[in-house]
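*Asks:* Single-letter residue listing:
Number of protein chains: 2
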Amino acid sequence: MASSNEFWLDLESAPVGSQRDFSKAIDQLVFNEQGLITAIAQQFDTGEVLMLAWMNRESLLISLQEQRACYWSRSRNRLWRKGESSGQVQSLKGLRIDCDGDALLLAVDQQGPACHTGRKSCFYLGLKGLDLKEGQLEILNAPEIDPTSLYK
Amino acid sequence: MASSNEFWLDLESAPVGSQRDFSKAIDQLVFNEQGLITAIAQQFDTGEVLMLAWMNRESLLISLQEQRACYWSRSRNRLWRKGESSGQVQSLKGLRIDCDGDALLLAVDQQGPACHTGRKSCFYLGLKGLDLKEGQLEILNAPEIDPTSLYK
Numbered sequence: 001m002a003s004s005n006e007f008w009l010d011l012e013s014a015p016v017g018s019q020r021d022f023s024k025a026i027d028q029l030v031f032n033e034q035g036l037i038t039a040i041a042q043q044f045d046t047g048e049v050l051m052l053a054w055m056n057r058e059s060l061l062i063s064l065q066e067q068r069a070c071y072w073s074r075s076r077n078r079l080w081r082k083g084e085s086s087g088q089v090q091s092l093k094g095l096r097i098d099c100d101g102d103a104l105l106l107a108v109d110q111q112g113p114a115c116h117t118g119r120k121s122c123f124y125l126g127l128k129g130l131d132l133k134e135g136q137l138e139i140l141n142a143p144e145i146d147p148t149s150l151y152k
Numbered sequence: 001m002a003s004s005n006e007f008w009l010d011l012e013s014a015p016v017g018s019q020r021d022f023s024k025a026i027d028q029l030v031f032n033e034q035g036l037i038t039a040i041a042q043q044f045d046t047g048e049v050l051m052l053a054w055m056n057r058e059s060l061l062i063s064l065q066e067q068r069a070c071y072w073s074r075s076r077n078r079l080w081r082k083g084e085s086s087g088q089v090q091s092l093k094g095l096r097i098d099c100d101g102d103a104l105l106l107a108v109d110q111q112g113p114a115c116h117t118g119r120k121s122c123f124y125l126g127l128k129g130l131d132l133k134e135g136q137l138e139i140l141n142a143p144e145i146d147p148t149s150l151y152k
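Chains as they are written, first to last, in the working numbering: chain A, 1 to 152; chain B, 1 to 152.
Bound conformation, chain A alone (with noise of 0.2 Å):
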């Protein structure tokens, strides 16, 4: 969708290698009524996609300064440097901004499984034919550790 915001409107049409001041993008970015915005975290060298999170504004900056992946956890409604528990840390290798500034994809480096069942990628349900009446879900990969070793 184009965007009604003028600071990502002015970008569409700017050249390659144009660049802006991050701390700027980042007052423009959209955040939800809760503060919140969707970040997705794809492995940075096998662009496997790990998994989809939240962040407030702070969790971004932690994540900028600290150079590992921090979420806003929704249901712990608290700061979540991911793997800081489970060891399973999210390294940042990169960031983008999607075209209206409300979709967040960070490039990370994951040690270990990223999800908490202990697989590499939290999407591990994948639907075996298209078909609604005959399709089903089928788990598509196994555990790497046992996720009973993961939170102690």
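It is worth saying that the hints were derived from the structure and are not from the lab.
Don't take each hint at face value.
The list makes no distinction among identical chains, and a pair is therefore deemed to hold if it is satisfied within one copy or across any two copies.
Distance condition first, Cα-Cα at most 25 Å in a straight line; then the derived PhoX-like pairs of lysine-lysine [stated by the list, open to error]: (1) K93 x K120; (2) K133 x K120; (3) K133 x K24; (4) K93 x K24; (5) K24 x K128; (6) K93 x K128; (7) K133 x K93.
Please arrange chain B on chain A, whose structure you already have, making use of the hints.
*Replies:* Coordinates of chain B only, in the frame set by chain A:
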């Protein structure tokens, strides 16, 4: 995060290859207060993340029936068959669900650019360097086609 939903919890420890009726899985998806769930569109062969959008239950069912991505447009407040006006259709090649049933990952074959700016991916803005004070937001990709030709 561990899910509080028995359906997703039960799958965590089921063997690889285990199957569930997909129609039942859809009933267990976790839609937000607006009845929406996040959907990441990823180019099926290159792994490039193209965009993040939202689906409601109906748009998901349409996507499966028509084997092309159909989203819920929050700005237009209506169903949005991707490419309906631009021609930039996303053929659906696969669908995954994450561990707690609140995010979708679509494998698509994107016809032309996914982004309304004429770029392949909506994530065309990248942070150059991870230092917040020195960091610059940079335009990484040029449009592949003139965006004014997309919407007439």
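*Asks:* Compare the structure with each hint and give your call.
*Replies:* Hints and how they fare:
1. K93 x K120: This pair counts as both: shortest intra-copy Cα distance 18 Å, inter-copy 21 Å.
2. K133 x K120: Result: close neither inside a copy nor across copies, 30 Å intra and 33 Å inter.
3. K133 x K24: Between. Shortest inter-copy distance 10 Å satisfies the 25 Å Cα cut-off; intra-copy 49 Å does not.
4. K93 x K24: Answer is within: at 21 Å inside a copy they meet the 25 Å cutoff, but 38 Å across does not.
5. K24 x K128: between (44 Å within a copy, 14 Å between copies)
6. K93 x K128: Answer is between; shortest inter-copy Cα gap is 11 Å, intra-copy 33 Å.
7. K133 x K93: So K133 and K93 pass the 25 Å test across copies only (17 Å; inside, 42 Å).
Checked against the numbered hints above, the structure breaks only hint 2 and satisfies the rest.
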